[in-house]
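K.L.:
Each chain sits in its own coordinate frame; assemble them with the hints.
Read top to bottom, the protein sequences are chains A and B.
Under the working numbering, the first sequence has 278 at position 88, and the numbering climbs by one with no breaks.
Under the working numbering, the second sequence has 1277 at position 505, and the numbering climbs by one with no breaks.
No lab work stands behind these hints, which were simulated from the structure alone.
The structure presented is a predicted model; accordingly, all values stated were derived computationally and were not measured.
Hints are supplied without guarantee of correctness; some may be wrong.
Taking beta-carbon pairs under 10 Å as the criterion, some of the chain A residues facing chain B (in silico) [what the hints assert, rightly or not]:
| no. | residue |
| --- | --- |
| 1 | Thr211 |
| 2 | His227 |
| 3 | Gln313 |
All C-beta atoms in this analysis are idealised placements derived from N, C-alpha and C, irrespective of residue type, glycine included.
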Amino acid sequence: MPTVSMTVNGKAVSGEVESRTLLVQFIREHLELTGTHVGCDTSQCGACVVHVNGEVAKSCTMLAVQAEGANVTTIEGLANGDDLHPMQEAFRNNHGLQCGFCTPGMVMTAVDLANKNKNPSEQQIREGLEGNICRCTGYHNIVKSVAEGARNMGG
Amino acid sequence: MPDGATNTGIGASVKRVEDKRFLTGKGNYVDDINRPGQTYAYILRSPHAHAKINSIDTSAAKSASGVVAVFTGEDMQVGSIPCGWQVDSADGTPMREPGHPALAQGKVRYVGDQVAIVIADTLDQAKDAAEKINVDYTPLKAVVDLRDALADTTLVHDEIETNISYDWAIGDKAEVDAVFDGAAHVTKMDIVNNRLIPNAMEPRAAIGDFDRASGEYTLYTTTQNPHVIRLLMGAFVLSIPEHKLRVVAPDVGGGFGSKIFHYAEEAITTWAAGQIARPIKWTAERSESFITDAHGRDHLSHAELALDANGKFLGLRVETAANMGAYLSTFASAVPTYLHATLLAGVYTTPVIYCNIKAVFTNTVPVDAYRGAGRPEASYLLERLVDRAARETGLDQVDIRRRNFIPSDAFPYQTPVALAYDSGDYEATLSSALKLAEVDGFAARKAEAAGRGKKRGLGYSTYIEACGVAPSAVAGALGARAGLYESAEVRVHPTGSVTVFTGSHSHGQGHETTFAQLVSDQLGIPIENVDISHGDTGKVQFGMGTYGSRSLAVGGEAIVKATDKIISKAKKIAAHVLEASAEDIEFAGGNFTVAGTDRSMAFGEVALTAYVPHNFPHEELEPGLDETAFYDPANFTFPGGCHICEVEVDPDTGTVEVVSFTAVDDVGRVINPMIVEGQVHGGVAQGIGQALLEGCSYDEDGQLLTGSFMDYAMPRAHNLPSFKVATEETLCAHNSLGVKGCGEVGAIGSPPAVINAVVDALADMGVTDVAMPATPQTVWRAIQTAKS
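Bound conformation, chain B alone (with noise of 0.2 Å):
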């Protein structure tokens, strides 16, 4: 605990507020909620990854048991599910953008794309009557892989005549083809960023409700950013007016990105509860969210390197084909080019980069943000570049990396693709997990492996990420459609006590205490005394939402600026009271106090002579207590760190163990250290899991091959190691709190650590790449083939 740090406030470990719900079975998530008089949707979806639909068939299934409605794409005639982000081509037009129907209108492009609801009085009834509709189609050829997607022989959307929804590119490329033309050595390589899926624990649901009396329409739904679907359901596929549309995400089972982006789902209940005047509940089968959440990744990527005689890197070019699946979803478009190839100078000095980005639609499930969202592909791409080059010129790993590092009094620090950083110190975050992974001790741990036939291997990622999205102007610069600061009002009752009610959502991350800390800490009241509300657009003012490791640097900095206000307008009461001037009034512990004097005021008096203004500057100041606040953040915040992974591969059966995992982070200050380490954690075995685990796979006809948990490897507990984690502290420059965001840190400097273990454990076996993930198969054949 920093010095000063009380046992509540900034700096401790204060245990979660939301725990003892959660441990005793009293957790609210959206299946837990029922509406009188609801009912239940089976959402039928198509079995072909490309087929015109013909006809529709529903009259055996509207007559079914207990059936109240069916609906088509042809009863929902709606608004297209919208993109939140234009992203050009480098020619400057915009992005192809297809339609995006909530239920399919005339064609289905992947296996799992809506194409009727049918409601009913039970579930089983819903589904019992679904299997009576019956669709006539006409199977058309998929393009699946990227590929062939960029060969644009078979069309996902015939209307745009290519599979290319935009070719974009970064960079001077005349320029940095000359710096390679000049360059001592070159290194190339081909990187694939494996296709991912989230896998939240709760699977996705929705009820949705409708007050014929008032003609207000609730929707209850696991998201990260209710606000954000109110907005993009409402305004642009229902046509509902904000103030007539309430969203609920209440108690939520893990978000990962996958719940950030407005589903079909929730607008077909919310559309269909409308039509029907019941509740209607929707609630995935973990099958369905195989098939229907956005998935992650998925980028093909060719990478170059030029480095100068000494090891300096001179110029990185890179092209990629990012998949976006059949739809563009809500942030897709800005996964692979504004958080991904932005990224690509990493923690070096590299002076020029070109980067070019190919969005290619293929009749898979959508693809967009996934725990890191495009910096992960980021650092995998640079990471691997880096260990490659290191091990083509000759240079240790650690000294590549230290002869190209941005030093620590070069901040802020202005990177050739559109980024500037604003503080970091990357020696100290190296030379920590140096430490912490007892990496002098490596070369003897190895020879005992060695005796006991194992090839150990360490692996090294020194990455950066962007996050506390995001400054609203160059949002809006760069093709973002809504802005991204965050809110926060900051409600003082009459008594003292306070409730926050924060646009930020928390689906695992510990809002409730993180912030509960910093208002305590603020305002000088017990922790107790705060409750911090959120998740409900009938609440809570507005909000953006949780995502991209915004809601300290964002949210956290809102709801500091609304306490700022409460703090000067009860300066102005104790004032007025204590017959002081405001500029005298001192605020320390809780205390208002005139300088120099002990003439003072608690913070519950000064609340309660708020609410019963009778001794009050009647003329300068409204009664009540209760400020709110927007706070649209300066720049990105800038996390980065060290991670050092240790592994050991059985040669004879290419399995790999990670026998030990190092993190050593700078993510800012740090507020709750607990919470801190249990986000990394959490990221790195996401990180671990899609570097040896973890792939999505689909055959040549859209058909998806890892449907399930029996067939998607996730972690589980044996299959990962304890983990060393530890922070490094350089402050934000911009924000008052001095935070930059953990909840990505872990899934983003990872995946190359492993990876670059492995294929250190290797190396002397001829092995020079093992793609992810690396399981036993896969390091089989690299071994087999380098041996042949």
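With the rest of the complex left out, here is chain A (with noise of 0.2 Å):
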């Protein structure tokens, strides 16, 4: 079987994975970080997107081997300590959650959003969100979270 080793989260890590393992089974069996989730088989509902040199990825598209080298950011790596990120802090300031499931790859879609747009619209906003789906909160709430966290991160 490869070895595979990549930085995730700031730590450097291997493991011996099959080569069809995809990177996200590897982030929640090998790593044991499961807050990155498995919404779907089709590459559609974004529950498992991830960082991964610093540009959204839907991790359960990508092979762990594909990632050899890379440096990833899992919802585990977004706060500081306690101290929420801007943008996770915005999802509990605006409701923006209520199960839980797809908010992991909901924020980290969202980071990546506001890091290419200072100060998204309504609109930007809605259709940056195109990838991922989440059936709890009509996007309402997680569109105004969005915006919050956006402005709090220096747009």
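P.N.:
So this is what it looks like as structure tokens:
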């Protein structure tokens, strides 16, 4: 079995995986970072979104071996100790989550969206979340959260 | 915030206690749990909608790498998966209830039916081995369409000799027919309530575990009601007594009804764990969820409304065929009858109503409760019918509703279809919604849209629902095979902090916050000192779980009852210490005070006294401060309201845009407005999803055509507007909190508002009806048909 090495949330990690092992399986099962979720099997729902080398990636759509040498950030790597990331704080402040299952992927997508657009409009936020499905919130409060999070990230 | 509310008490938008763990990836969902020595299961499923199984050869799979065991229906000889509600046909015969095996017994009846379980050291090994199983099927003709099933030419279950489970009715048909004979106007419609796939974002999962030393089974499962699963699976399917079966439902990623039911995989993994004495994890892939999670809705109705010359409703008659799928799922039989037909009075004074329901088996996934469960079908039918009646009689959409509203001074109001509404003010929610939706400016907006080539429409829905299920005696008389109370234990710890054990289950609703607000408010202690524990039969005394918007109205009331007991006992303890009579002790702001004096004990001091009972009324009380209560409601609760939708339709492409959606709901007293608004947003999104996007589709052979998120259109952020949401409050008359329930109102009220808006937009083109989901193709076809 191939060995794969990468940096996850600032820590060097490596493990033996099957060549068919997905990045999300490596993160959840090998690294036991279960904040990244699997909500579908067709790369549609976005529950598995992480950052790979600073770009959003659906970790169910990448093989673990494709992330060889990469710098990966998962939801567990976003907060600074007890201090939530501004986007996490904005989701809490605006009731941007209910069951919490889509939330990690939603937040990771939102951080990327805000990194690329400091002051997104409602329309830009809605279009930017196209790859993430939430069944609970109707997106109303997610959209508010992303707008506030983007502002507080220094937009 | 109401007068007197604290910043964490009743009426405050307290930020959620749950959020930090979910936002930092520290949620604990079933698939996040791993047990020592755990194996992984793959379930081999039927590729056929209907087939005879001639033989299953598992020998190659059993000898494959890493495989621990393979079991088929032949191995798993256990009880049938039960249905929780018996409905009798109009002729008095009980519903036909064919066996529902966990693993197929000689026949498969829908694509996705369980055929074998393969258990291996890794999931990949289990999947690889499953490919080596050879099942010899003889495919049989499948019956998929409701109309075909009613013809009984192809039978889903040979042994019952029909596809009709029951043929039920409510109301006096002769009386209703007579009213129609004398009516000034009759509006008639065929109405389809489209089949939906719930799609909670967390796929179902189950881990079965067995402790050989104690003989105890544990099931970790994605359920909304762990005690119900323990009861159904333990007592009916696997014959495991309650004290040897623990069911844990940790964080659950959304339910919407689909996680109420007892599913085969729960029984299979639990049973198989006993066979191999190792834990077994099964997690659905999304494609598997599509073909195994119970679907929702799927009603085919013909409805007729009789009116007098003044637009007053005289009578309603409805014939509905309700798709049950291949087997009766846990609550399936109750949905079209007691949760649909009994809601057909709506918010109107219609004096006589007749409704006939035929529950029909087809070779499709079982159909059961999905957010709203029967009430969305009722509100859609009624509000489409009222909309059509207004158009046919020339009455204004608001006027026809006002003429028929149950007046606010008429409560309690006995409807002709069994339910007795306790409170409501439909004019209040309507007039509030008219303002919030800025209906006065609609004509100008419509004219402006017309200038851009767009057709703008406005649609109304004034709806009611019944929730807070349910008074057990009533439910029992109607065929429920369980009680529908809720329980709570309020455990005060020696230093005054509190753990509440509730039989309700939170899978997104925020009970850890709302219930803590409630207890903090009742006991006058800081909210940080209250923890809510739920979802584990090993911790929680008992519970009926969360569905039917019952958590606050039933589970919350149980908590209030238990805290009342705590306060009553604490008063006696305080009276003893303060050397006063218990009747003279006043409790306010967390302090027990002798009336008219400054002698007082804080809640924490009383708690400590209860557990360190040196100076304690031993002759009267036992030490400790820990009380349990069960609450069985006196009636259903009846939230209602008005939803107004404004759409723009592109007549060239049939594309519908929801430009504005207003929901004014009466959910009774609001404990946490932020959470209530969130529940309404989510429900409305699912309702708009049903109206415009979501439609489950099978081909004639019973293959699911909408089996992934690429084929089944889930609402995404760009499909929806921001919502205008408000509440009007009439208190529930029969619970102490005055609460009604908010979880389903959004999904119940919204679909007819959307479709009524689409029809309004296209009315001047001659369109009178548009089916759900109103996709661009459906709308475009409706326009073309009207033109021709």
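K.L.:
For which of the previously enumerated hints does the structure constitute a violation, in increasing order of number?
P.N.:
none
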